[in-house]
Amino acid sequence: MIEALNLSKRFQDRKRGEVRAVEDVSFTCRPGEIYGLLGANGAGKTTTLRMLATILEPTEGTARLCGHDIVQHPQRVRANCGFLSTATALYPRLTAQEMVEYFGRLNGLDSATLKKRIDDIFERLDMNDFRDRRCDKLSTGMKQKTSIARTLVHDPPVMIFDEPTLGLDIMTARTIIEFIRECRDRGKTVIFSTHVMREVEKLCDIVGIIQSGKLLAEGTLEQLRQRHGENDLEEVFVKIVTPHYVPEAI
Amino acid sequence: MRLTNIWIVYHKELTEALRDRRTLITTFLVPLLMIPVLSVGFTAAISAVIGKAKKEKPRVMIVGGADSPTVVDGLKRYPKIKVIPTSDDWKTQIIEKEIRAAVEIPHRFQENLEKGQPDTVRVYVYRGELKSELAASNIESYLKEYRDTVATERLEVHHLPADLLKPFQVKQQNIAPPEKVAGAILGGIIAYLVIFMCLNGGMHPAIDLTAGEKERGTMETILSSPVSRTHLVLGKFLLVLTASLITAALLVVSMGVSFTVLQKSSVMEAMAEEGEPAPQLTLGPAAIASVFVMAIPLAILFSAGLITISLFAKSYKEAQSYIAPLMFLVVAPVAAAMLPGVELTPKLAIVPLLNVSLLCKELVTGEYHWNYIALIFASTCVYAAGALYLAVKMFQRESVLFRS
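Residue numbers (our numbering), protein chains in the order written: chain A, 1 to 250; chain B, 251 to 654.
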C-alpha cells in the first residue's frame with residue numbers, strides 16, 4: 001500500500017530560481033495493483049518516486065508505505081520497498097552474487113535466510129551462469145537481472161520502478177515488464193513511471209498523468225478513455241497535458 | 251538502526267578496494283617503493299657524485315706569479331690540484347667549466363713576503379658549483395699550509411716558540427648521541443613523509459567511494475537500501491582511514507628497512523665529522539610507534555576531509571581538481587616544520603598539521619614533552635572530530651548528493 005499525501009518538492013536552481021518539481025500530489029496504490037505514473041520528461045515522475053523511496057525528502061506533505069511515514073521512518077520505508085531505475089547501477093567490482101548479498105545484509109537478513117533467498121532468486125531469474133562474474137563484465141540483460149535480484153532480495157511488499165525500461169533493448173525491456181507483472185501477481189504494491197504509452201496499456205491497473213509536477217488525471221484506462229472521449233491513450237494524454245505543457249527551457 | 255551496518259558497508263568497500271588496481275598501487279606499492287627509491291637511490295647518487303668530485307683532480311690555473319717561483323712550484327707539486335698552463339681567458343674557462351678555479355699571485359709576492367709586507371692572494375671560484383668550490387678550497391688549503399710555514403720560519407728567525415701565534419686551540423665537540431644527530435637531520439623529513447602518505451593513501455579511496463560512486467550511478471542504488479546515511483558514510487570513512495593508515499604504516503616499515511641498509515653502507519660515514527662516530531640512522535621502535543600514534547588523529551582528519559570535499563564532486567576528475575589545491579594547503583605547514591629553527595611553542599601547538607610535524611621532529615630525536623604531546627593529540631582529535639561531523643552532515647544533504 002502506498003499513500004501519497006500532498007507530496008511537494010521544491011528546490012533551488014541557480015539559473016531558474018525556485019523549481020517546483022512536484023506540487024501537491026496525492027494518490028493511493030493498493031496491493032496487487034500496478035499504478036503507472038505517465039508523464040513527459042521533466043514532469044516530476046522521478047522526483048515523486050525518489051521521495052517515495054526516501055532518497056529525497058519532500059518539502060511539504062508526506063507519504064506512507066505499508067503504514068510507515070517516509071519522513072519520520074525513512075529506514076523502515078526502505079526496508080519495505082524495492083527501488084529500481086535506470087540510474088540505479090551495480091557495483092562494478094562486486095560479483096552478481098556479492099551485489100545481491102550486500103543488499104540482503106543491509107536489509108538485516110541472516111546468513112541462512114540470505115542463502116536460501118539468493119538461491120531461489122538466482123534460480124528463478126536464470127542467473128546461475130553468471131553468479132560469480134563481476135558486474136562490470138555482465139551484459140546489459142544480465143545487469144538488469146542482477147538489479148532485479150537486488151530489489152527482490154528482502155522480498156519487499158512495495159516495488160517502485162522509475163522508467164525501468166529506459167534505454168534497454170526489446171528483449172531486456174520485456175524481462176522487466178514480465179517481472180513487474182509478476183510482482184503484481186504475487187500481491188505486491190507496484191508503482192512505476194514511464195513515458196511509453198504501450199507499457200501503460202500493457203501493465204497498468206491505474207494510471208496517473210503528471211505534468212509540471214501536478215497530478216492532472218487519474219483512473220483506470222477505461223475511465224480515462226471515457227472521460228475524454230478518445231480511444232487512443234496517446235490522444236487522451238495529449239488532451240490532458242496540452243493546457244499545462246510548458247516546453248523545457250533551452 | 252543497527253551498527254553492524256557500518257561493518258557491512260566497510261566490508262563491502264574493502265572487498266571492492268582490494269579488487270581495484272589503482273587503490274592497490276597507491277596504498278601498497280607507492281609507500282613500499284618510495285622510501286627505498288628516495289633514500290637509498292638518492293643518497294647513493296649524491297654520494298657517488300660527491301665521491302667522484304673528490305677523487306677528480308681539479309684543473310686550475312695560476313695567474314701571475316712569474317716572480318714568485320716558490321709558491322708556484324709548491325702549487326704545482328700539491329697533489330690535490332692539477333695546475334695547467336695559464337691562458338688569458340681563464341675567467342671564461344672557469345665559467346665554462348673548462349677549469350675549476352684560478353689563483354692569482356700578486357706582483358712581487360715573494361719579494362714582499364721576504365720584506366714582511368702583507369699581501370693578498372686571490373682565489374677565483376664559481377660559487378654554487380660544487381667542483382669549483384672544492385678546487386678553491388684545495389688551493390686555499392695549500393696556501394694556508396704555505397702561510398703557516400712562512401709564519402713558523404719568521405718566528406724561528408726571532409727565536410720565538412712556534413705556538414706563539416696560537417696561544418690556545420678552539421675545537422667543537424659534539425655531545426649529541428649519534429641517534430639524535432640523525433633525528434635532527436631526519437625528524438622533519440620523516441614527519442613530512444608520514445603525514446604526506448596519510449593524505450596520499452586516503453585520497454584515491456575517498457574519491458572513489460564518493461564522487462566515483464556518483465559517477466558510476468551506484469549512489470542512488472545504495473541510498474535506496476535501508477542503511478542509514480550516517481552508517482553509510484561511517485563505513486566509507488573507515489575504509490578511507492584504513493587505506494590511509496596502511497599507507498603510512500608501510501611507509502614507516504620500508505623506511506626502517508631502507509635506513510638499516512643505508513646504515514650498513516658507507517654513505518653515513520662520509521656524512522660524519524672527522525673523529526666522531528657516524529650518525530645513527532636506525533630509528534628506535536619507540537620513535538616509530540610514537541610518530542605513528544600521532545599520525546592517527548591526523549589520518550582521521552584527512553580521511554573525513556577528503557570524503558567531505560570529494561562528495562561535492564560529480565565525477566572522479568572533478569574531485570581530483572578540488573583536492574589538488576588541498577595538497578598545497580597540507581604540504582605548506584608540514585614543510586614549514588622542516589625549516590631549521592622552527593620549534594614547538596604553545597601557540598604553534600594548536601596549529602593543525604604544523605603541530606604534529608613539529609612534534610614528530612622531536613619524537614624522532616627521543617624528546618618527549620608530555621604536555622605538548624597531550625595538547626597536540628587532543629587538538630588534532632578535536633579537528634578530526636569536526637571534520638568527521640562535517641562529512642556526516644554533508645552526506646545528509648540532498649543538494650550535495652544530487653548536485654547537478
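Just so you know, the hints here were simulated from the structure itself, not pulled from any lab data.
Every value quoted in this text rests on a predicted model; they were computed, and no experiment measured them.
Heads up, the beta-carbon is just placed ideally off N, CA and C, and yes, glycines get one too.
The reader is advised that the hints may include incorrect statements.
[To be verified] Incomplete in silico selection of chain A near chain B, CB under 10 Å:
no.	residue
1	Phe-27
2	Ala-40
3	Glu-57
4	Arg-78
5	Asn-80
[What the hints assert, rightly or not] A few chain A residues that don't get close to chain B, going by computed Cβ distances all over 12 Å:
no.	residue
6	Thr-95
7	Met-99
8	Ser-212
9	Val-238
[As the list claims (entries may be wrong)] In silico SDA-like pairs for lysine to any residue, Cα to Cα no more than 20 Å straight-line:
no.	chain 1	residue 1	chain 2	residue 2
10	B	Lys-643	A	Val-71
11	B	Lys-564	A	Pro-92
12	B	Lys-304	B	Gly-378
13	A	Lys-137	A	Pro-92
14	A	Lys-137	B	Leu-268
15	A	Lys-143	B	Lys-305
16	A	Lys-137	B	Leu-384
17	B	Lys-564	B	Leu-576
18	B	Lys-330	B	Glu-266
19	A	Lys-143	B	Gly-378
20	B	Lys-567	B	Val-632
21	B	Lys-643	A	Phe-11
22	A	Lys-143	A	Asp-129
23	A	Lys-137	B	Glu-465
24	A	Lys-116	A	Lys-137
25	B	Lys-643	A	His-73
26	A	Lys-239	A	Ala-40
27	B	Lys-564	A	Arg-14
28	B	Lys-305	B	Leu-268
29	B	Lys-567	A	Pro-92
30	B	Lys-304	B	Lys-326
31	A	Lys-15	B	Ser-649
32	B	Lys-305	B	Glu-379
33	B	Lys-564	A	Leu-221
34	A	Lys-15	B	Phe-652
35	B	Lys-643	A	Gln-72
36	B	Lys-643	A	Gln-75
Hint check results:
Given the 10 Å rule on beta carbons, the hint for Phe-27 (chain A) is violated: about 20 Å separates it from the nearest Cβ of chain B. For Ala-40 (chain A), the shortest C-beta to C-beta distance to chain B is roughly 19 Å, which exceeds 10 Å, and the interface hint is violated. For Glu-57 (chain A), the interface hint holds, the least distance from its beta-carbon to any beta-carbon of chain B being 7 Å, beneath 10 Å. Hint status for Arg-78 (chain A): holds, given a least beta-carbon distance of 4 Å to chain B, under 10 Å.
The interface hint given for Asn-80 (chain A) is met, as the beta carbon of that residue sits about 9 Å from the closest beta carbon of chain B, less than 10 Å. Once the 12 Å rule is applied to beta carbons, Thr-95 (chain A) is inconsistent with being away from chain B; the minimum gap is 10 Å. Listed as a non-interface residue, Met-99 (chain A) fails to keep its Cβ farther than 12 Å from every Cβ of chain B; the least gap is roughly 9 Å. The Cβ of Ser-212 (chain A) lies farther than 12 Å from every Cβ of chain B, with a closest approach of about 19 Å, so its non-interface assignment holds.
The claim that Val-238 (chain A) lies off the interface holds: its Cβ sits roughly 29 Å from the closest Cβ of chain B, which is beyond the 12 Å cut-off. A hinted pair counts as satisfied when its Cα atoms are at most 20 Å apart, and Lys-643 (chain B) with Val-71 (chain A) qualifies at roughly 17 Å. For the proposed pair Lys-564 (chain B) and Pro-92 (chain A), the alpha carbon gap of about 18 Å is at most 20 Å, so the pair holds. For the hint linking Lys-304 (chain B) to Gly-378 (chain B), the alpha-carbon distance of about 16 Å falls within 20 Å, and the restraint holds.
Note on Lys-137 (chain A) and Pro-92 (chain A): the hinted pairing holds, with a Cα-Cα distance of about 8 Å set against a maximum of 20 Å. Between the alpha carbons of Lys-137 (chain A) and Leu-268 (chain B) the distance comes to roughly 17 Å, so the proposed pair stays at or under 20 Å and holds. A hinted pair counts as satisfied when its Cα atoms are at most 20 Å apart, and Lys-143 (chain A) with Lys-305 (chain B) does not qualify at roughly 69 Å. With a CA separation close to 64 Å, the supplied pair Lys-137 (chain A) and Leu-384 (chain B) exceeds the 20 Å bound.
With a C-alpha separation of about 18 Å, the suggested pairing of Lys-564 (chain B) with Leu-576 (chain B) holds against the 20 Å cut-off. Pair hint Lys-330 (chain B) plus Glu-266 (chain B) does not hold up; C-alpha atoms about 63 Å apart against a cutoff of 20 Å. In summary, the hint linking Lys-143 (chain A) to Gly-378 (chain B) is not supported, as the alpha carbons are separated by about 65 Å, beyond the 20 Å threshold. Between Lys-567 (chain B) and Val-632 (chain B) the alpha-carbon distance is near 31 Å, which puts this suggested pair outside the 20 Å criterion.
Between the alpha carbons of Lys-643 (chain B) and Phe-11 (chain A) the distance comes to roughly 19 Å, so the proposed pair stays at or under 20 Å and holds. Note on Lys-143 (chain A) and Asp-129 (chain A): the hinted pairing holds, with a Cα-Cα distance of about 13 Å set against a maximum of 20 Å. Simply put, Lys-137 (chain A) and Glu-465 (chain B) have alpha-carbon atoms about 18 Å apart, close enough for the 20 Å limit, and the pair holds. The suggested pairing of Lys-116 (chain A) with Lys-137 (chain A) is violated, with an alpha-carbon distance near 25 Å, which exceeds 20 Å.
Taking the CA atoms of Lys-643 (chain B) and His-73 (chain A), the gap is near 19 Å; set against the 20 Å cutoff, the hint holds. Among the hinted pairs, Lys-239 (chain A) with Ala-40 (chain A) is consistent with the structure: their alpha-carbon atoms are about 13 Å apart, no more than 20 Å. Our distance criterion of 20 Å between C-alpha atoms is met by Lys-564 (chain B) and Arg-14 (chain A), whose separation comes to about 17 Å. Annotation: proposed proximity of Lys-305 (chain B) to Leu-268 (chain B) is violated, straight-line Cα distance about 50 Å (limit 20 Å).
Between Lys-567 (chain B) and Pro-92 (chain A) the alpha-carbon distance is near 18 Å, which keeps this suggested pair within the 20 Å criterion. Between Lys-304 (chain B) and Lys-326 (chain B), the direct Cα distance comes to roughly 18 Å. Compliance with the 20 Å bound is thereby established for this hinted pair. At most 20 Å may separate the alpha-carbon atoms for a hinted pair to count; Lys-15 (chain A) and Ser-649 (chain B) meet this at roughly 15 Å. Taking the CA atoms of Lys-305 (chain B) and Glu-379 (chain B), the gap is near 16 Å; set against the 20 Å cutoff, the hint holds.
Simply put, Lys-564 (chain B) and Leu-221 (chain A) have alpha-carbon atoms about 40 Å apart, too far for the 20 Å limit, and the pair is violated. At most 20 Å may separate the alpha-carbon atoms for a hinted pair to count; Lys-15 (chain A) and Phe-652 (chain B) meet this at roughly 16 Å. Between Lys-643 (chain B) and Gln-72 (chain A) the alpha-carbon distance is near 18 Å, which keeps this suggested pair within the 20 Å criterion. The hinted pair formed by Lys-643 (chain B) and Gln-75 (chain A) meets the criterion: a straight-line CA distance of about 17 Å does not exceed 20 Å.
The earlier numbered hints that this structure contradicts are 1, 2, 6, 7, 15, 16, 18, 19, 20, 24, 28 and 33.
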